[in-house]
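Make a model of the complete structure from these sequences and hints.
Below, each chain spelled out in residue letters.
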Amino acid sequence: MYKYDHYDQAMVDTRVAEFRDQVERRIAGKLSEDQFKPLRLMNGLYLQLHAYMLRVAIPYGTLDSRQTRMLAHIARKYDRGYGHFTTRQNIQYNWIRLEDAPDLLADLATVEMHAIQTSGNCIRNISSDQYAGAAADEVVDPRPFAELLRQWSSFHPEFSFLPRKFKIAVIASETDRAAMRLHDIGIQIIERDGEIAARFYAGGGMGRTPMIGPLIRDFVPIGELISYSEAILRVYNRYGRRDNKFKARIKILVHEMGAEKFIAEVEAEFAHLRGLNIDAPAAELARIKAFFTDPPFEAGLPDEIDRLDPDFAVWLDQNTHPHKRPGYAIVTISLKPIGGIPGDASAEQMELIADLAERHSFDELRVTHAQNIVLPHVRKADLATIWGALAEAGLAEPNLDLVTDIIACPGLDYCSLANARSIPVAQKIARRFADQQRQRDLGELKLKISGCINACGHHHAGHIGILGVDRKGVENYQLLLGGSGAEDASLGQITGPGFDEDGIVDAVETVTETYKTLRADGERFLDTYRRVGMTPFKEALYG
Amino acid sequence: MAEPVEEPAVTLDAFLDQSNATSVRLEEGEDARALIPHLDRLSLIEIGFGSFGDGRGYSAARILREAGYQGELRAEGDVLVDQIAFMRRCGFDSFAPERPLDPEDAARALDRWSEVYQPAADDRTPIWSKRHG
Amino acid sequence: MKILTGNDLKTGDVVWWTGESWSRHVSDAAEVGDNSVDVIAIEEAARRATAIYEVAADHTAGGILPVHIKEKIRATGPTVRPDLKLAPADPAAGSWVI
Numbered sequence: 001m002y003k004y005d006h007y008d009q010a011m012v013d014t015r016v017a018e019f020r021d022q023v024e025r026r027i028a029g030k031l032s033e034d035q036f037k038p039l040r041l042m043n044g045l046y047l048q049l050h051a052y053m054l055r056v057a058i059p060y061g062t063l064d065s066r067q068t069r070m071l072a073h074i075a076r077k078y079d080r081g082y083g084h085f086t087t088r089q090n091i092q093y094n095w096i097r098l099e100d101a102p103d104l105l106a107d108l109a110t111v112e113m114h115a116i117q118t119s120g121n122c123i124r125n126i127s128s129d130q131y132a133g134a135a136a137d138e139v140v141d142p143r144p145f146a147e148l149l150r151q152w153s154s155f156h157p158e159f160s161f162l163p164r165k166f167k168i169a170v171i172a173s174e175t176d177r178a179a180m181r182l183h184d185i186g187i188q189i190i191e192r193d194g195e196i197a198a199r200f201y202a203g204g205g206m207g208r209t210p211m212i213g214p215l216i217r218d219f220v221p222i223g224e225l226i227s228y229s230e231a232i233l234r235v236y237n238r239y240g241r242r243d244n245k246f247k248a249r250i251k252i253l254v255h256e257m258g259a260e261k262f263i264a265e266v267e268a269e270f271a272h273l274r275g276l277n278i279d280a281p282a283a284e285l286a287r288i289k290a291f292f293t294d295p296p297f298e299a300g301l302p303d304e305i306d307r308l309d310p311d312f313a314v315w316l317d318q319n320t321h322p323h324k325r326p327g328y329a330i331v332t333i334s335l336k337p338i339g340g341i342p343g344d345a346s347a348e349q350m351e352l353i354a355d356l357a358e359r360h361s362f363d364e365l366r367v368t369h370a371q372n373i374v375l376p377h378v379r380k381a382d383l384a385t386i387w388g389a390l391a392e393a394g395l396a397e398p399n400l401d402l403v404t405d406i407i408a409c410p411g412l413d414y415c416s417l418a419n420a421r422s423i424p425v426a427q428k429i430a431r432r433f434a435d436q437q438r439q440r441d442l443g444e445l446k447l448k449i450s451g452c453i454n455a456c457g458h459h460h461a462g463h464i465g466i467l468g469v470d471r472k473g474v475e476n477y478q479l480l481l482g483g484s485g486a487e488d489a490s491l492g493q494i495t496g497p498g499f500d501e502d503g504i505v506d507a508v509e510t511v512t513e514t515y516k517t518l519r520a521d522g523e524r525f526l527d528t529y530r531r532v533g534m535t536p537f538k539e540a541l542y543g
Numbered sequence: 001m002a003e004p005v006e007e008p009a010v011t012l013d014a015f016l017d018q019s020n021a022t023s024v025r026l027e028e029g030e031d032a033r034a035l036i037p038h039l040d041r042l043s044l045i046e047i048g049f050g051s052f053g054d055g056r057g058y059s060a061a062r063i064l065r066e067a068g069y070q071g072e073l074r075a076e077g078d079v080l081v082d083q084i085a086f087m088r089r090c091g092f093d094s095f096a097p098e099r100p101l102d103p104e105d106a107a108r109a110l111d112r113w114s115e116v117y118q119p120a121a122d123d124r125t126p127i128w129s130k131r132h133g
Numbered sequence: 001m002k003i004l005t006g007n008d009l010k011t012g013d014v015v016w017w018t019g020e021s022w023s024r025h026v027s028d029a030a031e032v033g034d035n036s037v038d039v040i041a042i043e044e045a046a047r048r049a050t051a052i053y054e055v056a057a058d059h060t061a062g063g064i065l066p067v068h069i070k071e072k073i074r075a076t077g078p079t080v081r082p083d084l085k086l087a088p089a090d091p092a093a094g095s096w097v098i
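Residue numbers (my numbering), protein chains in the order written: chain A, 1 to 543; chain B, 1 to 133; chain C, 1 to 98.
For the record, the hints were derived by calculation from the structure and aren't laboratory data. All values derive from a computational prediction rather than experimental measurement. Each residue gets a CB set at the ideal place from its N, CA and C atoms; glycine is no exception. Treat each hint with caution, since some may be false.
With the Cβ distance kept under 10 angstroms, some of the chain B side facing chain A (calculated, not the full set) [stated by the list, open to error]: (1) 51; (2) 52; (3) 132.
Only pairs whose alpha carbons sit at most 30 angstroms apart, straight line, appear in this in silico DSBU-like list of lysine-lysine [to be verified]: (4) C:72 to A:472; (5) C:72 to A:77; (6) C:70 to A:165; (7) A:77 to C:10; (8) A:428 to C:70; (9) B:130 to A:3; (10) A:472 to C:2; (11) C:85 to A:37; (12) A:428 to C:72; (13) C:10 to A:37; (14) B:130 to A:289; (15) A:289 to A:380; (16) C:70 to A:247; (17) C:2 to A:77; (18) C:70 to A:472; (19) C:2 to A:289; (20) C:2 to A:37; (21) A:261 to A:77; (22) A:289 to A:3; (23) C:72 to A:37; (24) C:70 to C:2; (25) C:85 to A:472; (26) A:324 to A:3; (27) C:10 to A:165; (28) C:85 to A:77; (29) C:85 to A:30; (30) A:245 to C:85; (31) C:10 to A:245; (32) C:10 to A:428; (33) A:472 to A:380; (34) A:538 to C:72.
This is the structure in structure tokens:
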């Protein structure tokens with residue numbers, strides 16, 4: 001994985017010093033809260049319902065054990081012993097003191113980590129496929145391109161006061177594990193006639209006006225990845241709406257301008273910028289790529305696994321994914337224990353995961369947008385050992401992509417923007433469907449819960465989505481069906497009137513029971529929904 | 001930085017109507033490219049920042065420098081000390097903040113970044129270029 | 001009644017206006033009447049608390065309690081982590097929102 005050189009280190013160290021200075025000026029009264037807010041946000045520091053919250057970037061979701069141990073250390077030293085993995089490959093700490101934040105960032109910088117641009121109206125953490133470098137279906141490893149974009153976007157002088165936040169995802173396979181088309185820019189690295197290039201989508205997003213990003217250029221030569229990105233950002237910075245923050249995302253610009261006109265504007269800017277030597281030379285991409293070469297995989301490893309323990313066999317079938325190399329597997333560690341808080345991990349759990357990654361996965365792990373952890377390169381012979389260690393720590397829930405593998409935002413338990421709680425709903429649904437046989441019988445079912453229309457819980461992209469709203473001071477939950485954040489991206493549709501907290505749990509069960517009566521052989525819930533439409537579900541829910 | 005130009009800047013519309021002005025003021029949202037045919041005779045372009053969060057002026061500044069503008073480029077209005085380093089990278093070479101900046105804070109802000117990741121409108125060498133000579 | 005809440009500037013702790021100072025316990029909150037705007041301006045300038053805003057509250061048997069669920073949760077902590085809840089003056093506070 002990528003290692004900082006002294007330049008990268010100087011950048012994060014300078015940022016720590018700058019933020020220390022800004023915090024001092026805020027406490028001394030040289031900065032008002034109005035002036036300080038965009039500065040702290042650009043460094044990931046929010047003021048939430050209970051305290052300051054710090055969001056730390058995990059660029060393209062890749063971590064090593066040393067970094068993971070530091071995340072555990074920070075949870076213990078500066079927070080209350082835990083952290084929350086988010087839907088954009090970040091980790092959030094909920095109880096940070098402003099006066100401690102500079103020291104915390106200094107600790108993070110010692111392991112090449114930061115909170116730069118994890119909030120604010122700027123280019124956010126670049127996210128990617130959690131199976132990058134391990135999946136059999138990728139064209140190339142997408143992370144070197146994400147790293148190139150990370151460096152370009154860090155402290156970009158022109159794009160630090162955009163109309164609104166800006167999220168970029170990069171993938172390199174036909175299977176979309178990063179909700180790429182629901183990003184402000186989605187980039188798919190492709191190969192055509194032996195040439196690596198980038199396919200660009202723009203104007204996707206969730207929030208209050210969900211949109212699936214249209215294709216805006218099928219082929220951008222890889223040597224012009226940055227120039228083309230810069231062209232999009234400049235068009236957005238100049239023409240994106242600033243009169244209404246709810247209409248300020250690029251998706252609204254693309255929608256109101258029309259994709260065709262937007263593309264023409266971007267092409268004109270690209271024609272201008274591509275002559276200005278904005279892209280790094282090929283040698284820089286080659287330098288970065290060298291950090292992402294395969295680890296020393298062993299040849300001739302056995303593929304057979306002893307499946308005698310039935311609990312192990314269930315976990316094996318559910319939570320491992322084929323690896324590109326024989327004898328290896330990709331392991332997903334579920335952070336969704338039944339009745340737990342989706343995405344939360346204690347300092348001790350982080351340390352255990354770090355140990356496992358160091359011992360069994362070439363010192364590498366990943367965080368996923370579905371709020372789980374991945375050990376990307378595990379020898380099949382080691383799987384039983386890993387499962388045993390995870391089970392002891394309550395981390396062996398065999399529910400990847402099943403109904404209890406729920407994405408949930410922090411909701412009203414933590415978030416000052418939320419209208420309703422998300423976590424208790426996730427807990428109740430998970431308990432209702434706790435039976436493993438029942439979950440597996442329902443098959444792949446992506447359930448996603450947001451506590452407000454900002455959609456951090458990706459409810460639009462859930463096969464089943466739940467949106468918490470405030471109805472006259474009481475929490476109420478709308479139900480959506482048919483969304484997908486994968487390569488078959490679609491937006492969920494609202495079923496009808498909302499439900500109270502217990503009602504929404506019953507409603508989810510009504511939907512799954514209805515699916516069971518309607519499904520054809522081999523159909524996932526999403527497939528059945530797409531075939532039969534909303535009507536039978538509506539009848540079952542409200543009829 | 002050069003001596004600041006004292007002549008008051010006229011609006012973009014007024015400038016495009018009259019041929020003799022050498023200073024112009026761009027408001028947010030006005031198209032910097034409208035000035036490109038006239039850059040030779042301009043000695044001051046003032047770009048207004050009505051609110052510090054409105055970043056359109058950064059693109060306007062870079063567009064003007066990319067088009068070869070050599071004169072004074074002034075950021076006027078809600079210009080905060082934590083922004084001037086970015087502004088300078090986009091080509092601004094003078095600042096007229098509506099609330100005066102603490103000179104020490106301003107000097108520190110402008111000196112802070114020893115390295116930059118990307119080329120912009122200043123003459124700083126991006127890190128990738130240093131890495132590869 | 002109307003009360004004020006904010007966050008301690010340096011620590012971020014949730015605080016409630018007592019009429020002369022700030023307390024971490026909602027039960028210490030004082031009626032702010034029509035003085036919100038003035039108190040907020042003075043207190044923001046004093047930099048003890050930040051992000052101050054007015055909320056509606058009721059006198060209840062257990063003491064002062066915000067009306068809206070958001071501030072009820074704010075007053076005691078996340079409902080999903082009882083171990084992290086602030087021990088309030090009202091022993092029944094844990095059941096306010098659950």
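| Which earlier hints can't be squared with this structure? | 17, 19, 21, 29, 30, 32, 33 and 34
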